[in-house]
Amino acid sequence: MPGISRRLTHCVSDVPEAVVTSRQISKDEETMPASARLVPELVHSYLSQAGEDISALSQTQPILLVFLRHFGCTFCREAVCEIEKIRPNIESLGTHLAFVHLSSEDRAQKFFAPHHFEDVPRFADPDGRLYEAFGLVRAKWHQYLNPRSIGRFFSAWSRGHMVGAPDGDIERMPGVFLIHRAEILKSFRHKLVSDRPDYLSLASPR
910 MPGISRRLTH CVSDVPEAVV TSRQISKDEE TMPASARLVP ELVHSYLSQA
960 GEDISALSQT QPILLVFLRH FGCTFCREAV CEIEKIRPNI ESLGTHLAFV
1010 HLSSEDRAQK FFAPHHFEDV PRFADPDGRL YEAFGLVRAK WHQYLNPRSI
1060 GRFFSAWSRG HMVGAPDGDI ERMPGVFLIH RAEILKSFRH KLVSDRPDYL
1110 SLASPR
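Using our numbering, read the sequence shown as starting at 910 and increasing by one per residue.
Source of the hints: derived by calculation from the structure; they are not laboratory data.
Check before you lean on any hint, since a few could be wrong.
Stated by the list, open to error - Between beta-carbon pairs, the in silico distance windows are: (1) GLU1000 / ARG1047: 28 to 34 Å; (2) ARG1038 / ASN998: 29 to 35 Å; (3) ARG1090 / GLN958: 20 to 26 Å; (4) ALA965 / ARG1047: 25 to 31 Å; (5) ASP1028 / GLN968: 28 to 34 Å.
We put the CB at the ideal spot given by N, CA and C, even for glycine.
Turn these sequences into a full structure, and let the hints guide you.
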C-alpha cells in the first residue's frame, strides 16, 4: 500500500532537539474560562476502533490526544517513533495516549502496528472536521518552506524517517492536547510543520 509498505519497522535513536516548553503550551488554556476549555461537541461523532469517544475516554484519567499529519509526512513518522519510545514515561504520569489521523481505519491499523500501538485509541478524520474543531487549520506555504523546517526535514530524514506517499490531507497541521473529563488542560498547535512538542511536559496533569 502506498506510503505504508516503505515504513521502517524500527525507530532509530533520535538526536535531542529543541522542543516547546509546557509553560508556553498551556498559557492560553490557563487564561480561558472553564466553558471555553471544554472539548468541542463534535467529538461525540467520532469513535475509536473500540467504539469510544474522546470525551468518554477522558473521564477516568487524562488522555494525551495527538493529532498527526498525514502518514506519508516525515514529521508524522518522526513523532510516532518518538511517542513510541516515551510511551512508558507518559503512562507513568497517569496519562493515556490517543491519536487522531487523516487516513482510513484500515490504513491506520497497518501504520500503527509496527509501533505497537494496536491498543491505543485512534480516531479517523479524513475530512479534517475534528482537526478544524480543535483549531488545527491547513498550512500556508511559509509553514512548510522555511529554514527551520528544511533543516529539521534533513535531520529527521538522516535518522530514518523517510518521506512516503501522501496519505490524507497534506496541508493539515498537527497538534497535541491534554484532556481530562472533557476539558482541555494543555494544548500545542503547531506553528510550523516541523515543530517538535515536549510530549512529556504536555502529558503531565500538574
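Against the structure, the hints come out as follows:
The supplied range of 28 to 34 Å is met by GLU1000 and ARG1047, whose beta-carbon atoms lie about 32 Å from each other. A C-beta distance of roughly 32 Å is found between ARG1038 and ASN998, which places it inside the suggested range of 29 to 35 Å. Range check, ARG1090 to GLN958: Cβ separation about 23 Å, and the 20 to 26 Å hint holds. Distance hint check: the CB atoms of ALA965 and ARG1047 are about 29 Å apart, consistent with the given range 25 to 31 Å.
Range check, ASP1028 to GLN968: about 18 Å between beta-carbon atoms, so the 28 to 34 Å window is missed.
Hint compliance for this structure: hint 5 is the single one not met.
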